[in-house]
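Novice: Taking the numbering used here, the leading residue of the sequence shown gets 5, the next gets one more, and so forth.
Hints were generated in silico from the structure; no laboratory data involved.
Just so we're clear, the structure is a prediction, and the values are computed from it rather than from any experiment.
Heads up, some of the hints might be wrong.
[As the list claims (entries may be wrong)] Derived lysine-lysine pairs resembling DSSO-like cross-links, with alpha carbons at most 30 Å apart: (1) Lys471 to Lys683; (2) Lys274 to Lys126; (3) Lys172 to Lys278; (4) Lys564 to Lys382; (5) Lys253 to Lys172; (6) Lys260 to Lys362; (7) Lys274 to Lys172; (8) Lys683 to Lys673; (9) Lys260 to Lys172.
[Said to hold, decoys possible] Derived Cβ-Cβ restraints for the label pairs, each shown as a range: (10) Met273 to Gln734: 48 to 56 Å; (11) Val292 to Arg11: 32 to 40 Å; (12) Asn349 to Ser165: 37 to 45 Å; (13) Leu389 to Gly358: 33 to 41 Å.
Glycine residues also receive a C-beta, built at the ideal position from the N, C-alpha and C atoms.
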Amino acid sequence: MESQVARYAKYERDIKCLIVASGIWPHYEKHPHVLRKLLSFCSAFCSGSTFYCIVAFCFKYATNINIFTSCLGLMIGFFTTFIKISFLEFGILRQIVILSMHQEDLQSLNEGVSKSFEDNLKLPANQPHLLYHFPTFSRFFYLYAYSVGISFVFLASTPLSIMLRYGKYVRMYPQLMPFAYEPEYLFMFSTICFIHQGGPVHWAIFGFEMFTGFYLWSVTIGVDSIFGLYALHMVGQLRLLGSRFQNLKSSSNYDKELGECVRSHIQLMKSRHKLQRVFGFLAIWLAVTCAIALCSQVFQALHMRNTTPVRALYLFGHWFIKIVQAYSYSWYGNIIAVESDLCLNSMYYSQWPGSGDKRFMTDVLIILSQKPLVFRAKQLMELRLDMFLKLVRMMPKSRKFNKYVNGKAILLLVQIGPGMKFLAGRNAKETIDIATMFHAVIAQTLGHQDRFYHIFMVMELELAKYKSYARHVISRLIFAGLWPESNPTIKRMLSFVTFTSTLTVMVTAINFGIHNASNVILLTKGIGLASGFSSVFSKALMLPLHQEDIVFLKKRLTTKFMSDMETIEYRAELLSSVHVFSAFVNMHEAMMAFAMSMYCFVPLYVLFKHGTYMRTYPCLYPFAYTPGGLVHWLIYALEVAGAISVWTITVGADCGFLMYALELCGEFKILARKFTELKAGDDYKKKLKECIERHHLIIEAKNRLEDAYGIIAIWLALSGAFLLCSLIFQITE
């Protein structure tokens with residue numbers, strides 16, 4: 005652990021150097037108070053004045069949306085830098101928002117959780133707990149620092165390269181100066197560049213821009229990473245506290261050890277509160293500005309007429325920085341909440357069983373009842389990984405946006421935005437569910453006179469929908485030869501057809517891609533199709549190997565689910581989500597049927613329309629045959645069987661997983677209801693035993709579901725990503 009401790013010391017030193025250089029590190033002993041104030045004033049003045057000049061530039065070109073969006077990201081970056089300096093140093097415009105001096109909060113964090121972390125780190129036994137997550141924090145910091153640094157070097161070198169190559173002078177940032185100055189001209193004497201009249205003004209502005217860029221880098225990296233440093237200290241202390249909870253036992257030192265644990269947890273609660281006060285507004289501001297910056301970058305990517313490598317690299321760099329910034333903030337808040345929850349739960353694993361100490365048991369219950377430490381930004385937003393997903397999803401997805409997409413723009417998005425998700429049908433009009441309309445008619449007819457009958461009819465409709473959904477899924481699995489309780493002979497025949505057809509198409513598609521490796525378009529067609537069929541083949545291979553798990557789920561989970569369905573008052577909880585699952589099955593099956601039918605009917609259409617024979621898929625067989633002959637049509641029949649297998653296996657396996665997920669969700673809701681209904685009485689033990697048995701069944705069913713679908717899910721993620729990339733590439737080309 006010595007090397008890890010040394011790396012941590014370097015990590016902490018690098019972060020503090022950036023903060024000290026910006027003048028916002030409180031009570032730095034090597035800096036006089038006047039020098040710290042001067043540094044903070046310089047950083048605030050540089051970022052604020054550059055922000056003003058960029059805003060002036062934006063107002064001047066507000067009618068040109070392309071120019072406006074090109075400088076929007078830098079404008080947000082400099083204003084965010086100004087806010088960070090002002091917020092940490094001066095309390096973010098106290099005349100408008102009444103807040104205390106956050107320098108005191110930073111100093112309190114330094115003297116509280118950070119000091120405790122440093123003291124505990126001196127003990128070798130504590131180091132594995134304290135530095136458990138340090139490698140991840142360190143990677144975030146250096147990746148972020150190098151990314152922003154490279155972006156700054158790119159911006160600084162652009163004016164110099166343009167000057168040397170074209171003899172023109174441009175500004176480092178898109179900004180409009182509040183005064184006029186003559187542009188300079190370049191002339192050469194030997195190998196030395198000289199500047200004509202007005203040179204000092206241009207180079208003074210360039211030096212100021214370099215100075216401003218340094219503060220943009222130091223403040224951005226320093227402030228965001230100091231939040232990560234405090235998060236690391238809290239997470240380390242939480243893991244150490246969890247180990248102390250777990251080692252508690254009934255002894256003469258129990259009171260002293262528990263008191264130390266409680267004081268440590270109270271200190272962490274206070275630190276969380278101060279961390280929220282310092283970084284709460286910044287987290288909200290980051291969520292808003294990152295979404296705006298990402299949208300502006302996507303807009304620029306879609307409206308570039310000439311996609312140059314330099315421009316694409318700049319857009320990718322800016323996009324990558326914003327993604328890393330948003331993800332790091334989300335991850336910092338999320339890891340605090342996760343480790344806090346684990347810390348409290350570790351009290352359950354202390355040595356209280358068999359101790360006979362009632363006070364010890366009471367203390368365990370008290371600790372377990374505490375809420376985990378969740379970072380809430382100004383009580384408006386929880387800092388979790390969900391925030392990062394929302395930021396990415398806020399990027400445009402509408403049809404008006406998509407109509408701008410051309411071939412080059414899509415190719416650029418594939419290069420710079422692999423994290424973007426285009427969700428089909430997000431803005432479609434909502435459809436009215438027939439069952440919902442029927443429920444409304446019943447309610448209007450019956451009024452309030454026979455409410456029980458109305459609820460009963462509604463639940464009967466939902467139950468019929470679930471039974472139809474289950475029959476639908478099982479029939480597809482039977483047709484694919486994957487259902488364990490079907491006729492053995494028919495099952496073997498169907499499974500043989502499924503295996504043969506999917507394996508043949510997969511192998512011949514790979515063969516097609518290999519033989520056309522020199523043509524990247526044909527290569528992606530063959531390998532993309534092979535990856536899709538490999539996903540289907542994995543389902544056809546894994547489900548028969550886990551027949552016992554499927555039988556267990558059918559006999560235990562489904563049977564329990566249907567027995568609970570006989571109780572009328574349970575049906576509302578059990579069937580609350582069946583309409584969502586049923587709609588997904590119908591949509592999934594319709595889309596798969598349409599896709600496979602297109603594959604099958606296109607060769608027939610081409611034959612009757614043009615008299616040309618073609619294969620259903622881009623496949624290459626290892627033997628020669630005459631188009632239109634018997635072998636040709638036998639291969640076509642095999643390909644059609646493969647298409648049907650893809651349809652039945654995909655719908656059956658995917659929706660079978662959802663069927664068991666629906667049953668698990670329903671059983672969880674019934675278990676929660678039974679827990680809430682528990683009360684002291686003669687049948688308390690019986691009811692508690694029933695709850696425990698139900699929970700054991702749920703756990704076992706979850707484990708069986710993981711065993712059956714675990715590898716399928718992993719392979720689906722990999723093959724799906726590869727297939728999507730190949731399809732996007734084919735579209736762009």
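Novice: Each of the hints needs a verdict: does it hold here or not?
Specialist: Hint check:
no. : hint                         : in the structure
1   : Lys471 to Lys683             : 34 Å, violated
2   : Lys274 to Lys126             : 23 Å, holds
3   : Lys172 to Lys278             : 51 Å, violated
4   : Lys564 to Lys382             : 45 Å, violated
5   : Lys253 to Lys172             : 76 Å, violated
6   : Lys260 to Lys362             : 17 Å, holds
7   : Lys274 to Lys172             : 56 Å, violated
8   : Lys683 to Lys673             : 18 Å, holds
9   : Lys260 to Lys172             : 74 Å, violated
10  : Met273 to Gln734: 48 to 56 Å : 55 Å, holds
11  : Val292 to Arg11: 32 to 40 Å  : 34 Å, holds
12  : Asn349 to Ser165: 37 to 45 Å : 57 Å, violated
13  : Leu389 to Gly358: 33 to 41 Å : 39 Å, holds
Hint violations for this structure: numbers 1, 3, 4, 5, 7, 9, 12, all remaining hints satisfied.
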